[in-house]
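Colleague: Sequence:
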Amino acid sequence: MSDVQRELYAKFEEKKQAARRKPLLYDLSPIPRQPVKPDAARRVLEVREVLWGDTLLDVRHSRRTTPVTLGEGGDCTFRLSHDDLPGDGFPLVTPDGPGTAWLAFTPSMQGVVFDNGAATDLTRFIDTGEAQEWRGFFRLRLDASRAALLRFGGLQYYIHFVSPEAIRRAPFWQRIDGVMSTLMALFILGYLLTATYLKMLPAPEVADILDAPQRFARLVITPRSLPEPPPPETQRFAPTPAPRAAGEEGRIGEDDALLDKADGSARRRLEDEKVANHAGILGALDMGLEAMDRLFGGGGLGAGLDKVLGELGPLSGLDQRGAGGLGSRGAGQYGGGDALGIGGIGTRGRGGKRHSTYGIEAAKDGEKRSDMVVLKTGKPSYEGSLDKSIIERVMKRYFNQYRYCYQRELNKNPTLYGKVTVRFIIAPDGAVSSARAAVDTVGNSRVNACVLRTAKRMLFPHPKNGGRVVVTYPFIFRPTGG
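Position one of the sequence shown corresponds to residue 141 (the working numbering), numbered consecutively onward.
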């Protein structure tokens, strides 16, 4: 470096140091280099949130006694999530009158307090007892001469009192944008000139169609003559006779042909009926009862009809010879002959004894009862804009389904009977939107559930004016003769 360059560099450094020594009108750094004592008449508490010491995140001012809080709560002044914060809203600074406030901090927080330019660590105030322990943390009083810098959770909070700048309201002519005002004035002037010119133009003449002397025209339509269609062709083609087949096939028939041997003769039909009457089942019936045994095959369990006739009781007009048992031979009303066992069941012809658990007598146990049910309806009620005749017509389509709900449970409980009154609502689209049992004396949950399911499946025409219809319909269930 030459001597000239050294001299120029030295002069530049002197000017830079002199510029740094000059007082600034206002310190714009996130953390002020030197606290400025505020005016005694106008004091406002200011809290700055600074990231990494050089990035200002947020600034809050407080004139009242409302505390400045830290935490995760929605009403906190600064949102901060940290495990060492006691509670969701930690009162960082609480104003306590004009120019005084309480600074709160925990032992895990680090920071200094500036008092007339001198920096003192927070732990020093804890050791001297000036910082008071309160609700699990410490409190220190701040006044206008003190400022605090608190470091916590990677952030820094600078708390001090400031004097707000007085807002000087500029005159009206200084707040007007000259270019925009000129353009707006020219636009308004052009609009007024255009409107004035259009007003000065004469009114246009309007031609009325009623003033035209020849406003009506005559429409003359002359029909056009069409050529007549040509007459249809009357020529017919004569059919060409087909040639006769050669040989004997071309002859109509022999003169000495026997009519009685023809397929359609009466004699041939009689012969066919005779053959049919003596063949198959008809032939077996004609030959007698014993010949029917061949229809079911021979051998096996009782051979043929033995196993069938053994199930029957005494029949008049037939010689069963023991058919009451399982054999076709023997003496007595119920058969006492030698019969074969069926499938390992050693009954041996004992099929008809009194009080037997199998055979004919076993089929007589129990009384016959009817499985038919009676479905009656009480007096229904209708509320809505749908005709009751239409509702009755739709209800009759589903009667069999309602009857089935009761008949299915009647087989399990023969004494089941009662009344189920269904109250359902028909929606504007015709479907049943809801159904419930208003009255239920049957006392069977399955009958009740089945009746409600059937009611919800019904479809009706759309009610008039799109309204709803409320129907109360009673059903009376009982067995036949009950």
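Check the hints yourself; a few may be wrong.
Said to hold, decoys possible - In silico DSSO-like links for lysine-lysine, alpha-carbon gap of 30 Å or less:
| hint | residue 1 | residue 2 |
| --- | --- | --- |
| 1 | 536 | 559 |
| 2 | 519 | 604 |
| 3 | 177 | 156 |
| 4 | 552 | 604 |
| 5 | 528 | 596 |
| 6 | 516 | 528 |
| 7 | 516 | 552 |
| 8 | 177 | 151 |
| 9 | 528 | 552 |
Please keep in mind that the hints were generated in silico from the structure rather than gathered at the bench.
Colleague: Quick one: which hint numbers does this structure break? Sort them smallest to largest.
Modeller: 4, 8 and 9
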